[in-house]
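> Each chain is listed here by its residues.
Number of protein chains: 2
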Amino acid sequence: MIRLYSAARSSASFRVRIALNLKGLDYEYAAVDLRGGEQLGEAFRAVNPAALVPVLEIDGQRLVQSLAILEYLEETRPEPPLLPREPAARARVRAAALAVACDIHPLNNLRVLGYLGRELQAGEAARNAWYRHWVVDGLAQLEAQIRAGGAHGRFIEGDRPGLADLCLVPQIFNARRFDARLDHVPLLMGIFDQCMALPAFAEAQWERQPDFA
Amino acid sequence: MIRLYSAARSSASFRVRIALNLKGLDYEYAAVDLRGGEQLGEAFRAVNPAALVPVLEIDGQRLVQSLAILEYLEETRPEPPLLPREPAARARVRAAALAVACDIHPLNNLRVLGYLGRELQAGEAARNAWYRHWVVDGLAQLEAQIRAGGAHGRFIEGDRPGLADLCLVPQIFNARRFDARLDHVPLLMGIFDQCMALPAFAEAQWERQPDFA
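Protein chains in written order, with full-length UniProt numbering: chain A, 1 to 213; chain B, 1 to 213.
Careful: at least some of the hints might be erroneous.
To be verified - These stretches of chain B come out as covered by chain A in the derived footprint (C-beta under 8 Å, 3 or more residues):
#: 1; stretch: 41–52
#: 2; stretch: 69–81
#: 3; stretch: 99–106
#: 4; stretch: 124–132
Unchecked claim - Examples of chain A residues lying across from chain B (beta carbon under 7 Å, computed):
#: 5; residue: 50
#: 6; residue: 61
#: 7; residue: 63
#: 8; residue: 76
#: 9; residue: 91
#: 10; residue: 101
#: 11; residue: 106
#: 12; residue: 109
#: 13; residue: 120
#: 14; residue: 141
#: 15; residue: 144
Just so you know, the hints here were simulated from the structure itself, not pulled from any lab data. A virtual CB, placed ideally from N, CA and C, is assigned to each residue, including glycine.
Go ahead and model the full structure; you've got the sequences and the hints to work with.
The following block contains the structure:
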């Protein structure tokens, strides 16, 4: 049995939900209440000492870090593929995924926004400006990177959704929540729409999860 | 010919320098002056529209994002390996690398510290406290994650340096620069010492680069 420790609005959890759906893998959903601080409690620390979701229990192992989980799924359940075959194409897809996972998302998660308010006395307007700055700038960089790569089609790489698309989609959900502008990244938004037309993406979204609130 | 666009103190560039050394690959060093804003100029934007180092020119391609570059090197130049063979072990190593690359480093780079000062009027003490918070907390989480995995030896996974070690070492350099405490992560510091005893790591460090200042 596969079990995913997840939170509905967690972008990293959302990525793994899409991958499990794309690969047709059934899983048990174990909700972790991030706003209530459940990840910091002793019970969840026994699951992941780093106190982060997602955690995937699979093949008798506990895996952490969403991108490591996705690579594991790709190596052990290769169909349908999340990465192309050719090394330079794989590097392009991974680079796009990392542009979201390293350059945008870490600046905007709950614990960072909490620190800004608590320790730096940043009010809601300043926190929102911070959020929008990194997401607007980061998505513009990602769009430029994908255009420079020249391999995009209906999706970030060609006409099949993959590792980078399933990082993009949760980031767009997040951007909309903070009313960040998105009209400057038409290529990304076209790809987002293509993704959301697929059940694997649509069923992984926030409001379809049992812990959505 | 292989060319690396790099900055001496850039952690992400440092990771790639170690990997090139470990795999015995000669390369041309192309310095990018980050403090002078060279990455934002037109000439470098033509190399990487996302305005970030490192960029690796190899096999007629330009590759971006350090972890994508490392995976490409591993796929095209597999010896000596940066990842173990078994999928669960590969997932552990990647998870440790990502704990640095996603959960610590993005919060502490130059552009983020700049924003804190410029937009949030955070003074030097507040910026240093921010820095130390994420690095002290993040390294503690990484140490707990590695201990939970139970596969560490002289290095993060067994007795061979790999993908996670070459993310750890630049982060420790950075932590020391900001006088962050490190006595709470003895396992990581022991691994750091093992790494720095190897020429591939020692020759990749800041002060050995032509643009060190």
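> Are the hints correct? Go through all of them and say.
Now for the hints, and whether the structure bears them out:
As drawn, the stretch 41–52 of chain B meets chain A at 5 residues by the rule of a beta-carbon pair under 8 Å; at three or more, the given contact holds. As drawn, the stretch 69–81 of chain B meets chain A at 5 residues by the rule of a beta-carbon pair under 8 Å; at three or more, the given contact holds. Residues of the stretch 99–106 of chain B with a Cβ under 8 Å from some Cβ of chain A number 6, which satisfies the need for three, so the listed coverage holds. Counting residues of the stretch 124–132 of chain B whose CB lies closer than 8 Å to any CB of chain A gives 3, so the stated coverage by that chain holds, three being the minimum.
Nearest Cβ of chain B to the Cβ of residue 50 of chain A: about 4 Å, under the 7 Å cut. The hint holds. Hint on residue 61 of chain A holds. Least Cβ distance to chain B is approximately 5 Å, under the 7 Å limit. Interface hint at residue 63 of chain A: satisfied, since its Cβ lies 5 Å from the closest Cβ of chain B, which is below the 7 Å cut-off. Checking residue 76 of chain A against chain B by beta carbon gives a least distance of about 5 Å; that is within 7 Å, so the hint holds.
The beta carbon of residue 91 of chain A comes within 4 Å of a beta carbon in chain B, closer than 7 Å, and the hint placing it at the interface holds. Checking residue 101 of chain A against chain B: minimum C-beta separation of about 6 Å stays under 7 Å; hint holds. Proximity of residue 106 of chain A to chain B holds as hinted, the smallest CB-CB distance being about 4 Å (cut-off 7 Å). Interface restraint check for residue 109 of chain A: the shortest CB-CB distance to chain B comes to about 9 Å, outside 7 Å, so the restraint is violated.
Contact between residue 120 of chain A and chain B, as hinted, is supported at the beta carbon level, the nearest pair being about 6 Å apart and thus within 7 Å. At its closest, the beta carbon of residue 141 of chain A sits 4 Å from a beta carbon of chain B; the interface hint therefore holds under the 7 Å criterion. The closest approach between the C-beta of residue 144 of chain A and any C-beta of chain B is roughly 4 Å, which is under the 7 Å cut-off, so the hint is satisfied.
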